[in-house]
Amino acid sequence: MNPPGSSLEHRIRRELMILMVPAFVLLLLLLHLTMSRITDEYVGSRLGDDVENIITALKWTDQGWQIDDNQLGEAFKRVRSGHYFIVGWDGGQIRSRSLWDTAPDVGLLPTGKQLQFQVTGSGDERWLVWQQGVSKGARDFTIWVAEDITAFIAKQNEYEYSLLTILVGLTLLIMLLQRRILHWGFASLKPMQTALLRGKIDGVLTLPKAVPQEVQPLADAIERLVDHSRKQLSRSRTATSNLAHELKLPLQHLKLLAEATGVEDNRDSLKQIYTQLQRRIEGELRRAKISGSPAPVDLFNPQEELPYLVELLNRKRGGDEIDLVQHIPEFAIPFDRDDMLELVGNLLDNAWEHANSRVLLSIRESRGVWTIIVSDDGPDIAPETIAAMENTESPQQHDHHALGLSICRSVVHSYGGKMQLHAARLGGLQVIIDLPLSGSESPDDNDSNREV
100 MNPPGSSLEH RIRRELMILM VPAFVLLLLL LHLTMSRITD EYVGSRLGDD
150 VENIITALKW TDQGWQIDDN QLGEAFKRVR SGHYFIVGWD GGQIRSRSLW
200 DTAPDVGLLP TGKQLQFQVT GSGDERWLVW QQGVSKGARD FTIWVAEDIT
250 AFIAKQNEYE YSLLTILVGL TLLIMLLQRR ILHWGFASLK PMQTALLRGK
300 IDGVLTLPKA VPQEVQPLAD AIERLVDHSR KQLSRSRTAT SNLAHELKLP
350 LQHLKLLAEA TGVEDNRDSL KQIYTQLQRR IEGELRRAKI SGSPAPVDLF
400 NPQEELPYLV ELLNRKRGGD EIDLVQHIPE FAIPFDRDDM LELVGNLLDN
450 AWEHANSRVL LSIRESRGVW TIIVSDDGPD IAPETIAAME NTESPQQHDH
500 HALGLSICRS VVHSYGGKMQ LHAARLGGLQ VIIDLPLSGS ESPDDNDSNR
550 EV
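Under the numbering used here, the first residue of the sequence shown carries the number 100, and numbering increases by one thereafter.
It is worth saying that the hints were derived from the structure and are not from the lab.
Please note: incorrect hints may appear among the correct ones.
[Stated by the list, open to error] Below 27 Å or equal to it, Euclidean Cα-Cα: the simulated BS3-like pairs (lysine-lysine) are:
{"id": "1", "residue 1": "Lys212", "residue 2": "Lys254"}
{"id": "2", "residue 1": "Lys235", "residue 2": "Lys176"}
{"id": "3", "residue 1": "Lys176", "residue 2": "Lys158"}
{"id": "4", "residue 1": "Lys158", "residue 2": "Lys235"}
{"id": "5", "residue 1": "Lys235", "residue 2": "Lys254"}
Keep in mind the model is a prediction, meaning the values are calculated, not measured.
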């Protein structure tokens, strides 16, 4: 089983090697066996001719078998010439001069039996031996003939090493060609990859039509999935808006009923119920609008959206304007516009509410992870207060920062991100949010001790 995220190119290369190496080893083995057989057959045929010549040159005398040297080849007469013979019978033996002081152990064979084998000869020689039981003139004897095949073996090894070198070079060439072919094949997927990346940037996913036939079902499935996701998100937001509109009238009736109630305790209780319902419904409706989509319909552009947010927040503060120090990109970031408005809007709303005069905002990207940092110069916050705000999923009103953090946390979790709260160097609260793009590294891998 291949680990997640393993390279397809590496897998193909590994599997090709798994096929090639045994095939080349088998080829070398077949070559070795073939050349050994050719050597045995070629030299063996010459040994057979030597046996016939020796049989012809033999004659029986009163002293036993004698051989006519004139009928022997010169190689048998030279010491250590590489050509040797022994004629043995019950009671005697004839050895070629070429053997000199070497005395192989030769056993007698029954008439008609033949053996061919290799043995280690004198010195560094390797002999191919032909041994045969023969009958001539009603007398039995055994002929042992050997030839030094060391030169044949050396030549065979030379050929095999040359072939091994060629096969290693051929393997490297095949691997190089395979890599080029794979890159050429994967290049046909580049337009599809570019379209997917562009879809993250501009929010419009249009896959190319000219994709390989094998990948076309995947491209069609992606388009259907994205289209279905967009339609479902649009329907969800429309239904949420309709629900919010429908809930306004019953809430207004509840408020009017509370104001018309004569008993003060009941009136206060109804107003409290109204406030809790309003907050709860507002929070859940805002959560329901969170997309968390890797292919958003509309992207968030800080340069376009922030001026309106700042204007609204300053108006809400009653004319006491806050200085916003911002470090933001000049282009849209690859996240859903409505989600980012909820996230950044709530962070700035909290910061505006508690800041004295200045709020810092930073939005930047590093290694596929977008980091949003908001700090304010409000009053100092106790560490236990920050810990309580981090540990609760639905924070209640604290001394400095409150309700919107729950919505922020929901948005962050929908994108698989991470939110951290710290005491800011300015004096108030600092919120650090990491939002990874799909397929990027985990935000836990980044340094969390950052300041604007």
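Results of checking the hints against the structure:
1. Lys212 x Lys254: violated (31 Å)
2. Lys235 x Lys176: holds (24 Å)
3. Lys176 x Lys158: holds (19 Å)
4. Lys158 x Lys235: holds (9 Å)
5. Lys235 x Lys254: violated (39 Å)
The earlier numbered hints that this structure contradicts are 1 and 5.
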